[in-house]
Amino acid sequence: MSDAHLSPQRVEPTRLPAGRVWLLLCISVALWPRASEAQVRAPIPELTSERVYVIGVDDEYRSLRDEIAHLERASPQTYYVVILRSAGPGRRATHDYLDALVERWEDQARQKGLKFDRRRSVIIVVDIENRKIFVRGGEELRERYGFRDPYIERDLLSQYFSPYARAGDYAQGLRVLVAQIDRWIAARDKDLRSQVDQKAKAVTALEQSTASELGRARRAGAPLGDIEEDWERARKQAAAARADAGTDDRKALDALTSAGAIMTRVRDEARVRLDRHRLYTRTVPLALLGALGLGGLAALGLLYYRKRHLQGIVAEQFQAFRDKAVALMDQLDALRQRHKTLPATDPDFTAPLSGATLALYNEVEVDLNRLWDRWLKAMEVWDQAQKLLRADSGLAIKQAEEARKLLAEGDIDELIHQSNSCTERLDRLNRGHEQARDALKAGQRELAALRKSFDQSAEAGLSTVSHPKEIETAEALLTEAEGMIPADPIGAEELIGRSRQALAAATVRPDQKPARPREARPSYAYGPADEVAAAAAKFRSVMARLGFTNLMGLLIRAWIAVWALALLIGLLTPLMPLALFILGFVIILAGLWALWRTVVSWFWFGM
Numbered sequence: 001m002s003d004a005h006l007s008p009q010r011v012e013p014t015r016l017p018a019g020r021v022w023l024l025l026c027i028s029v030a031l032w033p034r035a036s037e038a039q040v041r042a043p044i045p046e047l048t049s050e051r052v053y054v055i056g057v058d059d060e061y062r063s064l065r066d067e068i069a070h071l072e073r074a075s076p077q078t079y080y081v082v083i084l085r086s087a088g089p090g091r092r093a094t095h096d097y098l099d100a101l102v103e104r105w106e107d108q109a110r111q112k113g114l115k116f117d118r119r120r121s122v123i124i125v126v127d128i129e130n131r132k133i134f135v136r137g138g139e140e141l142r143e144r145y146g147f148r149d150p151y152i153e154r155d156l157l158s159q160y161f162s163p164y165a166r167a168g169d170y171a172q173g174l175r176v177l178v179a180q181i182d183r184w185i186a187a188r189d190k191d192l193r194s195q196v197d198q199k200a201k202a203v204t205a206l207e208q209s210t211a212s213e214l215g216r217a218r219r220a221g222a223p224l225g226d227i228e229e230d231w232e233r234a235r236k237q238a239a240a241a242r243a244d245a246g247t248d249d250r251k252a253l254d255a256l257t258s259a260g261a262i263m264t265r266v267r268d269e270a271r272v273r274l275d276r277h278r279l280y281t282r283t284v285p286l287a288l289l290g291a292l293g294l295g296g297l298a299a300l301g302l303l304y305y306r307k308r309h310l311q312g313i314v315a316e317q318f319q320a321f322r323d324k325a326v327a328l329m330d331q332l333d334a335l336r337q338r339h340k341t342l343p344a345t346d347p348d349f350t351a352p353l354s355g356a357t358l359a360l361y362n363e364v365e366v367d368l369n370r371l372w373d374r375w376l377k378a379m380e381v382w383d384q385a386q387k388l389l390r391a392d393s394g395l396a397i398k399q400a401e402e403a404r405k406l407l408a409e410g411d412i413d414e415l416i417h418q419s420n421s422c423t424e425r426l427d428r429l430n431r432g433h434e435q436a437r438d439a440l441k442a443g444q445r446e447l448a449a450l451r452k453s454f455d456q457s458a459e460a461g462l463s464t465v466s467h468p469k470e471i472e473t474a475e476a477l478l479t480e481a482e483g484m485i486p487a488d489p490i491g492a493e494e495l496i497g498r499s500r501q502a503l504a505a506a507t508v509r510p511d512q513k514p515a516r517p518r519e520a521r522p523s524y525a526y527g528p529a530d531e532v533a534a535a536a537a538k539f540r541s542v543m544a545r546l547g548f549t550n551l552m553g554l555l556i557r558a559w560i561a562v563w564a565l566a567l568l569i570g571l572l573t574p575l576m577p578l579a580l581f582i583l584g585f586v587i588i589l590a591g592l593w594a595l596w597r598t599v600v601s602w603f604w605f606g607m
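Residues in the sequence shown are numbered consecutively from 1, following this note's numbering.
Source of the hints: derived by calculation from the structure; they are not laboratory data. All values derive from a computational prediction rather than experimental measurement. It is possible that part of the hints are untrue.
Estimated spans, in silico, between C-beta atoms of each pair [what the hints assert, rightly or not]:
1. 498 <-> 320: 43 to 51 Å
2. 150 <-> 92: 15 to 23 Å
3. 362 <-> 498: 36 to 44 Å
4. 320 <-> 282: 44 to 52 Å
5. 337 <-> 435: 40 to 48 Å
6. 257 <-> 103: 50 to 58 Å
7. 445 <-> 354: 22 to 30 Å
8. 113 <-> 150: 15 to 23 Å
9. 50 <-> 254: 50 to 58 Å
10. 118 <-> 189: 18 to 26 Å
Every residue gets a Cβ at the ideal spot worked out from N, C-alpha and C, and that includes glycine.
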């Protein structure tokens, strides 16, 4: 339920009585007559065969009665319109009146045996003095057609009732509104029917494809089991939905949607089971036959490949770690020297540091010392990794794996990232005086412009809204900030920002709230690019530990090769003796090659 007043508009949720399944939509209409000072609640009319009830105002609604009678001859909806002078004082008066009206009419319908359709009725209550109109639809209209806001307000009331209400022609406005409501519901019914037809065609095509997949699986001997029962249930559900089409389209659409989902699942499951059956009865036996013949060669090749691959990765990682460590050392030396000489080399620092500037300066010093200690630990890691690489030999990979883990845990990229942060904060200290002076000039210009605007308005005799307190506060802050610039430019810039906020508050009207200023992100904070770079470095570190992914890829490729070779052997059975001889010769050569590469690796790491 929504209660929308015309000026200003506001939405207020309400509570329906227990057991009610009604949709309540309300909206105010512009330019209605002003409510009288003393409002008296109109009595609730008795339920009769009438469709229009007029209480406390002139009855000029004969055309509305004729329109409703004409519509109900061809429409399944029942329309009730109640026009009253006032439902009483209070914002909820009209809403409470409508609740009492519905409750009274339901009781009278049960007691007297009168016809009152709770599911497809449309009740419109027009409260003249309170300037409200309520439109309430039954449960079926809400669920089947979506008869609710914002469609009622946007598509019906604002277009077809509001123009007549502004002109004071409520009778014509209500007549047009009722006709458009009936047309709106009829259009939704037609659209729902079109959806049912489209869904029925899609389900028919899906039913044919599902039956085809099930037939293929049966012919191949794949076990189907429970999906046969799901298939029969979906077919029955689709048949029942086709029977409901035209009488209960919403029910038919839901049933077709459910049947289509079941058929899709049955079709996909039939394909999966057919593929699994073929895998177990054809592919796996042939692959096992080939794997038994080439197991030895594959194992030898796997060990050699793993060794060479890991050596290449560790060598590249070792070199990159070394280059980054050397570059980081140079950068830290330069930053520490720059930090140490900053107050002496920067001509703007004419007074000892204080406040926020001193805090930032000390923070950078602490971070640089901490980074230097961590860099020394990283160099210890580098030395340990170098010793492990020199001790590595043969086909074993234990030392190389340990070296790779040590290099990955060195976090050299994180140290570089943090050193960049120190660089940004030092840049911030260098630019502090210039930025503070620029901000001070901007604040002084804004203060002068505001005073000039107030003076011009006063000279012209216009009503002005001054904020002496805010102006005085801003001026005091600017004065204080100007004195702070030599020793604490960063703190001065913060004071200037507060003064400009006070000036911004003084320029707004009393009926407006000043926009909350967005806090500027410090230029020395970590940027998005730095955070992405750090995340990428951590991701590479984690992936480096997962070396078994290379092994899995190699196993997959070896499995494909074994399958192809087994197929070739099956086709060349007469040449099997020659093939076995060649295979043995290849295995011997591969072993000799692996031995030679091992010897070479010993010399390579030793050097």
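Okay, the hints, checked on the actual structure:
1. Between residue 498 and residue 320 the CB atoms are about 47 Å apart, so this pair conforms to the stated range of 43 to 51 Å.
2. For residue 150 and residue 92, the Cβ-Cβ distance of about 22 Å falls inside the hinted range of 15 to 23 Å, so the restraint holds.
3. For the hinted restraint 36 to 44 Å between residue 362 and residue 498, the CB-CB distance of approximately 24 Å leaves it violated.
4. Judged by the Cβ atoms, the range 44 to 52 Å given for residue 320 and residue 282 holds: they are separated by roughly 48 Å.
5. Distance hint check for residue 337 and residue 435: the Cβ-Cβ separation is about 24 Å, which falls outside the suggested range of 40 to 48 Å.
6. At roughly 37 Å, the beta carbons of residue 257 and residue 103 sit outside the given window of 50 to 58 Å.
7. Between residue 445 and residue 354, the C-beta spacing of about 27 Å keeps the proposed range 22 to 30 Å intact.
8. Taking the beta carbon of each, residue 113 and residue 150 are about 38 Å apart, not inside 15 to 23 Å as hinted.
9. For the pair residue 50 and residue 254, the supplied restraint of 50 to 58 Å is violated, since their beta-carbon distance comes to about 37 Å.
10. Take residue 118 and residue 189: their Cβ atoms lie about 19 Å apart, and the range 18 to 26 Å holds.
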